[in-house]
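Chain B: place on chain A using the hints.
Residue numbers (this note's numbering), protein chains in the order written: chain A, 1 to 421; chain B, 1 to 421.
Bear in mind the hints are in silico, worked out from the structure with no lab data behind them.
Possibly wrong hints are sitting among the right ones.
Copies of one chain are not kept apart here, so a pair can be met inside one copy or by any two copies together.
Unchecked claim - Derived lysine-lysine pairs resembling DSBU-like cross-links, with alpha carbons at most 35 Å apart:
hint : residue 1 : residue 2
1    : K5        : K286
2    : K286      : K189
3    : K144      : K65
4    : K286      : K376
5    : K182      : K65
Protein chains: 2
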Amino acid sequence: MTDVKSRRDAVFGAGSTLFYDEPVHIVRGEGVTLHAADGTRFVDMYNNVPSVGHCHPHVVEAVSKQLGTLNVHNRYLHEAILEYGERLIGTHHDGIESVVFSCTGTEANEVALMMARAATGGQGIICTDAAYHGNSTEVRRLNKCTSQTGDIRSVPFPDLFRFDLQHPGADPLTCYLGEIEKTIAGFQKDGVPFAGLLFCPIFANEGLPSIPDGFLPEAARLVREAGGVFICDEVQAGLCRTGNWWGYEIQGVEPDIVSMGKPLGAGMPLAATAGRRDLVENFRKKTRYFNTFASTPAQAAAGNAVLDVIQSEQLLASVTRVGDWLRSALMPFMDRCEPMADVRGDGLFVSIEWVKDRQSREPDMAGARKVVDMLKARGFLTSNAGAYNNNVKLRPPLVFAQQEAEAFIGAFQDVLDHLDH
Amino acid sequence: MTDVKSRRDAVFGAGSTLFYDEPVHIVRGEGVTLHAADGTRFVDMYNNVPSVGHCHPHVVEAVSKQLGTLNVHNRYLHEAILEYGERLIGTHHDGIESVVFSCTGTEANEVALMMARAATGGQGIICTDAAYHGNSTEVRRLNKCTSQTGDIRSVPFPDLFRFDLQHPGADPLTCYLGEIEKTIAGFQKDGVPFAGLLFCPIFANEGLPSIPDGFLPEAARLVREAGGVFICDEVQAGLCRTGNWWGYEIQGVEPDIVSMGKPLGAGMPLAATAGRRDLVENFRKKTRYFNTFASTPAQAAAGNAVLDVIQSEQLLASVTRVGDWLRSALMPFMDRCEPMADVRGDGLFVSIEWVKDRQSREPDMAGARKVVDMLKARGFLTSNAGAYNNNVKLRPPLVFAQQEAEAFIGAFQDVLDHLDH
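For reference, chain A alone in the conformation it holds in the complex (with noise of 0.2 Å):
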């Protein structure tokens, strides 16, 4: 493992991220396992990219099959590929129309930024201040953005969690849609004209925040007002992940725009941009967006497995019942764990928050990061996330099913029971 370790440094240089001090050196996954070299066997709690397990047999027919058949870029026609669109399409609600394929997150969101400044000739946006959104020059302004100046500016993150301790005795909504509302006005004021408000609906890397009811769709209300568009990033979000198609259905919110990219292709890289069909021409016209590998025979035949898999394996109801479940199993930990301060999300993305204490909520990193170790010494990889970095991260492949659940509640119990000795 150190042999390899050091064979990476020289490869990729050094200071290329691995998890955990000392990391998996995994060689085989099928559904919800992953296999290291030594042998071990780890029950796989973190990853969305093989949404539907690793290695699915049928995603893995239907992509091989194709790469045997054709595989080439699309300014020739391909039916796949459209049966595709559509059927993802199909998935959103009825405001999105078309699609721009391509092949990372970060792509992704740049398209959707373009397409947002495209369409209302606007340059500004917002996000919130500890956000990430990708990695590519523009995109990497978004993240953990703290600037109240320029064309990207920052609103703080909604979280009720903390909210009576930064702000004691305020209303959470009026408070958080109030600093949208400045943000705008900052923008009006500085002769910045405004492009738009671009969100993960569920805050996933500020860490999973519970969010005053409405939030989402009156915010999205003041950036309409304001000539601006609503776009969602659902790349951690969507397909499936919360038990409903979208994260933005959670608050009933309806994007003009959507951001796609990790799981839909379970590992086949595979983005897209959805949005009212205007906004999509208005940016394909203005831009004459080409991306050589996207829109491909390949892309088209991961994707509609995914669906297949998501639809034949009824994972929609299978991600709301055992992510119900594990949480409402976590919940009563906290009454004998003080650090262990709340339980949050939806289907199968859970996070637990770590604090030094419940008076002061101060965030334990040290802490969750310690939880994580001592799981995946019990064969469960989890990771550490959040604006603070002291949640506990869960989020298993849609797959993860109920006796994984419970096998997974009894190594945390033991993971407490060590905790507290």
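Frame of chain A, contents of chain B only:
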């Protein structure tokens, strides 16, 4: 076909690029052959992504096997991608030591720009005035850039074909290097710290112009003297296309950073940015770059399989042999066809310059388009390219063989026969 086209306009939004006035509907590919839905069979003389031929069995098998074994992100250790990185680096000059994988050429150029800027602390980038480097917000700024202000500025692309018309009596090398010196001086004058220069080493989008001997090495010297880094975009030029492993070898320049894309993965989205280890490590440290779909086992399988085929089928030698024959067989047609004013290129990348008359050398885009359409009617898929879109561009998969080259010459002769009448 009309049906597929109107369905496409709805799903993608009208304005998504298609080749040819009457688009082709491709359903199957093998080697250099593409089969259309109506049974028509085409020789592919356009595609550089299926570099080792459409649906090469070795590539299909390697990728399929890997998809059925494991495909997961790169924050776990995995050996195949390290092997691929080592092999890819091994094809470069000694100063290319480490690599950052991504999914598309756009992303590879994003990384190259960030790496150059992180290394130098500068922002100023020089490109040509007729390049295409990708589709993100930042990289788009380089495309057909005409700016002489701000942090991205262009120089006229080198072109011996029209040089004497544009600069009577001048020396081309002195003139084009002078433009670079002037632009570097402009950055200094305006207080924009210089970061580097990014060229496609064969100026593919500019139209594969013949360029002065020594231009690239001298340009690299000027860039380095000014504290910048010299970047080659090998997305089109690289991986044996020119009969060299990399386009920069033609002029014997050794870039500090190279970006790579299209042909690497035979259709699997796979791109890379490589450079000295210190440049790569500095980039990683400053950006914490991570790309979910990159450096995966599937990318490794595709990349390794492509390198296997290049070696086992000795494609480097065959590209040179067939490409040289193709150009030498095309040359004599210039004697009988006034508009066919130049035949350029290296290896299996050929540009035929189409002009209104030899005196003015005025570009004839319509003429070049007509040739492309007539070649298509004869079963050969090519395209138009170049700064004036008046080049007939030939860029078949690397496995394009002597017998196909001979068949193409027959078809080309037939096109000229029909043009004469």
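Verification of the hints:
For the identical chains of this complex, K5 and K286 are inter-copy neighbours only, at 21 Å across copies versus 46 Å inside a copy, given an alpha-carbon limit of 35 Å. Taking the closest pair of Cα atoms, K286 and K189 come within 35 Å of each other both inside a single copy (28 Å) and across two copies (34 Å). Taking CA atoms no more than 35 Å apart as the test, K144 paired with K65 passes in neither setting, with 42 Å inside one copy and 39 Å between copies. When the C-alpha separation of K286 and K376 is checked against a cutoff of 35 Å, the pair qualifies only between copies, where the shortest distance is 29 Å, while the shortest distance within a copy is 49 Å.
In this homomeric assembly, K182 and K65 never come within 35 Å of each other (Cα to Cα): the closest approach is 54 Å inside a single copy and 54 Å across copies.
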